[in-house]
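Visitor: So the protein lines, in turn, are chains A and B.
With numbering that gives the first Met the number 0, the residue at position 213 of the first sequence is 212, and numbering never jumps.
With numbering that gives the first Met the number 0, the residue at position 278 of the second sequence is 277, and numbering never jumps.
Be careful, since some hints might not be right.
Pairs of lysine to any residue residues, derived as SDA-like cross-links and limited to a Cα-Cα distance of at most 25 Å, are as follows [stated by the list, open to error]:
{"#": "1", "chain 1": "A", "residue 1": "K8", "chain 2": "B", "residue 2": "D317"}
{"#": "2", "chain 1": "B", "residue 1": "K36", "chain 2": "A", "residue 2": "I175"}
{"#": "3", "chain 1": "B", "residue 1": "K14", "chain 2": "A", "residue 2": "G174"}
{"#": "4", "chain 1": "A", "residue 1": "K120", "chain 2": "B", "residue 2": "T350"}
{"#": "5", "chain 1": "B", "residue 1": "K105", "chain 2": "B", "residue 2": "D76"}
{"#": "6", "chain 1": "B", "residue 1": "K14", "chain 2": "B", "residue 2": "L331"}
{"#": "7", "chain 1": "B", "residue 1": "K14", "chain 2": "A", "residue 2": "V170"}
{"#": "8", "chain 1": "A", "residue 1": "K13", "chain 2": "B", "residue 2": "P328"}
{"#": "9", "chain 1": "B", "residue 1": "K218", "chain 2": "A", "residue 2": "Y82"}
Derived by calculation from the structure, the hints in this document are not laboratory data.
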Amino acid sequence: MVLLRLEIKKAANKMWPLVFACFCLNILGAGSISRSIDSEITLSSLFGRYLPNITLECVIITLLLTHFIIGYEHSYHTENLVYSAKVGRKCLLYKLAAAVCLTFVYSITLFSASLAAYFIKGGVNNDWLLFAKVLPLSFALILLFVLFAFTVGTLIRNPWAATIITISVNVLWLGIVMNSPDIHKLRLPPMGLLVSQKSWFTNIHGTNFELLGLAFSGVILTILCYSAYLIFRRREI
Amino acid sequence: MRVFLYELKKLWNLKTTTAILAFFGLYFGLFLMSEIKEVEQYKSDPDSKMNFELYEELLGRYGTVIDRDEIIDFGIDEKIQGLIDRADSIIENDKSGIFAKYGIQKYEEVFDATLDMPWEDYEAIVSGRNSYFRDLSLELSLLRDIKQRYDTNDPHLNSHISETSFVYARELAARENRSVMPYYIPEQLSVYSAMLTILCVICSVLLVSPFVATDRTRKVYLLQYSSSYGRKILGTQFAAVIASAFVLSLVLTAFCGAMYATLNMQMFWDVSIISFWGVSFYMFGVTYGQYALLLAVMPIVFSVAAACAGFVLSRFSDNYAKLFIKVVPLGLIGIIVGYAAISNALSNENTVFVLFGRCLLAPEVILCGLLIIFGVTAITLVLRRERRVDI
Chain A
0 MVLLRLEIKK AANKMWPLVF ACFCLNILGA GSISRSIDSE ITLSSLFGRY
50 LPNITLECVI ITLLLTHFII GYEHSYHTEN LVYSAKVGRK CLLYKLAAAV
100 CLTFVYSITL FSASLAAYFI KGGVNNDWLL FAKVLPLSFA LILLFVLFAF
150 TVGTLIRNPW AATIITISVN VLWLGIVMNS PDIHKLRLPP MGLLVSQKSW
200 FTNIHGTNFE LLGLAFSGVI LTILCYSAYL IFRRREI
Chain B
0 MRVFLYELKK LWNLKTTTAI LAFFGLYFGL FLMSEIKEVE QYKSDPDSKM
50 NFELYEELLG RYGTVIDRDE IIDFGIDEKI QGLIDRADSI IENDKSGIFA
100 KYGIQKYEEV FDATLDMPWE DYEAIVSGRN SYFRDLSLEL SLLRDIKQRY
150 DTNDPHLNSH ISETSFVYAR ELAARENRSV MPYYIPEQLS VYSAMLTILC
200 VICSVLLVSP FVATDRTRKV YLLQYSSSYG RKILGTQFAA VIASAFVLSL
250 VLTAFCGAMY ATLNMQMFWD VSIISFWGVS FYMFGVTYGQ YALLLAVMPI
300 VFSVAAACAG FVLSRFSDNY AKLFIKVVPL GLIGIIVGYA AISNALSNEN
350 TVFVLFGRCL LAPEVILCGL LIIFGVTAIT LVLRRERRVD I
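My request is simple: use the sequences and hints to build the entire structure.
Guide: The following block contains the structure:
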């Protein structure tokens with residue numbers, strides 16, 4: 000518990016400026032949405048434009064945060080000290096836990112503040128049942144990105160290179176999805192799910208593709224994460 | 000000069016160059032190539048091929064601008080009447096009885112009758128590939144479109160003109176702008192250029208950011224700063240960064256421009272982008288060629304500005320963790336602003352123009368100038384501070 004608290008402390012205040020910037024952007028977005036539409040289509044604007052944007056912002060924050068926490072020892076030249084003992088190597092799991100905890104804190108803050116701004120500006124004429132279904136899945140999706148960043152960050156020691164590779168892989172996957180709109184299986188990985196968030200629960204890409212995608216990516220990424228951890232435990236520093 | 004060359008060597012190290020080349024290859028293949036293919040597909044599509052043939056005919060016969068006498072000479076009314084007569088004769092000579100089934104005797108009655116028609120018959124008469132009137136109705140609607148738009152601007156365009164506060168823009172719209180330019184050609188070029196800007200910004204940030212931060216991480220700067228000459232090293236590094244970002248974006252733009260040139264859009268080079276076909280409204284009556292040059296310069300400007308910002312931020316990053324927390328959001332902002340400024344540049348649908356309340360002329364071009372000024376000013380201040388800073 001002490002180790003977890005220490006890991007959280009390292010990155011606790013790093014992302015607040017970015018969260019605030021995203022919140023400001025969302026307020027602008029909420030304003031333009033409420034000006035441009037009437038209350039009858041508030042539902043589609045919320046699920047079609049607003050929520051995917053907030054999720055994307057949370058994903059960017061999450062990726063940066065996870066790489067910051069995982070690459071902290073490399074950046075501050077404390078690798079040789081921390082990872083010389085077995086307990087030190089186990090720290091990586093605490094780092095993952097810290098990344099997950101902070102991701103939740105940042106995401107909940109950003110989601111609640113932005114949605115509050117939206118409901119104040121755009122009205123509350125929404126489908127709460129759908130909302131209750133989409134929101135937990137968005138958090139699960141953000142969690143998948145934590146696992147992805149953890150895997151890359153553990154295998155590639157340089158946090159700068161790891162961040163660039165994570166972002167590049169996701170951007171290029173986006174390109175693949177956009178170039179093959181008919182291949183629905185490409186939407187099962189996290190980036191595919193993020194791109195098609197507006198079509199969740201609509202069966203456009205197949206029945207329950209969002210649940211299937213989350214389960215599929217969850218299993219694959221958990222295996223990759225554990226494998227990366229096992230490799231890291233035996234790696235020469 | 001020797002130090003400058005050494006800094007360039009440090010900047011263009013094998014890892015960074017490989018990363019940039021790999022990213023460029025994948026990005027070009029996935030995003031820019033798909034834009035080019037989209038236009039190619041559009042050009043080879045039978046429907047749009049007809050449009051292109053018509054533009055070529057108009058350009059060949061009347062030059063870049065078509066005036067009222069020429070539109071009469073082109074004989075649109077006669078052509079429309081000829082097509083209608085041909086359609087009527089098809090109906091008259093039809094032996095399948097499909098027209099008689101719905102009581103159609105003239106071509107003008109076809110579209111009223113299609114409202115209650117089953118899908119199979121509708122496809123056989125109008126919409127199917129081998130239907131009676133598919134090509135004919137497309138050609139007819141195209142000619143009618145030209146006639147109608149030539150006489151009165153598109154209603155969508157008129158509404159935009161009325162909400163634009165510039166006297167200059169209104170005068171421009173009121174002028175006889177009769178150029179033979181399909182509206183989607185400048186629009187498509189601007190989207191391609193915006194995608195290129197994203198590539199240039201990412202490559203510049205990738206190239207520049209770890210450069211200064213690596214010196215900081217390895218504490219090399221402590222050694223350099225111990226002498227007065229060493230204190231000037233940041234200036235040399237800045238020169239290397241700017242030169243590299245400029246050359247990199249120039250090469251990328253030249254390559255992507257050459258690939259775009261394979262689409263053979265050069266026939267519109269001297270044609271004004273303001274056209275009676277247009278649905279979006281351009282603020283300046285520049286030619287397609289001038290517009291293309293502007294759209295080639297803007298990615299380079301954004302790339303150099305991103306390099307300046309990346310350089311300043313990496314100067315204040317002691318390690319890689321601090322670096323990417325600053326640089327990645329900067330890159331994202333650069334991408335968003337670049338895309339917003341360049342797509343539909345100079346038109347009333349440009350995001351930056353809309354954000355400025357449609358009351359500032361060409362704000363995207365002003366923004367480019369400001370970015371460069373801010374970038375160079377920030378670096379000058381940092382360089383000046385660096386000479387006396389206590390380490």
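Visitor: Confirm or reject each hint.
Guide: Structure-based check of all given hints:
no.: 1; hint: A:K8 - B:D317; in the structure: holds (19 Å)
no.: 2; hint: B:K36 - A:I175; in the structure: holds (15 Å)
no.: 3; hint: B:K14 - A:G174; in the structure: holds (24 Å)
no.: 4; hint: A:K120 - B:T350; in the structure: holds (22 Å)
no.: 5; hint: B:K105 - B:D76; in the structure: holds (18 Å)
no.: 6; hint: B:K14 - B:L331; in the structure: holds (22 Å)
no.: 7; hint: B:K14 - A:V170; in the structure: holds (20 Å)
no.: 8; hint: A:K13 - B:P328; in the structure: holds (13 Å)
no.: 9; hint: B:K218 - A:Y82; in the structure: holds (23 Å)
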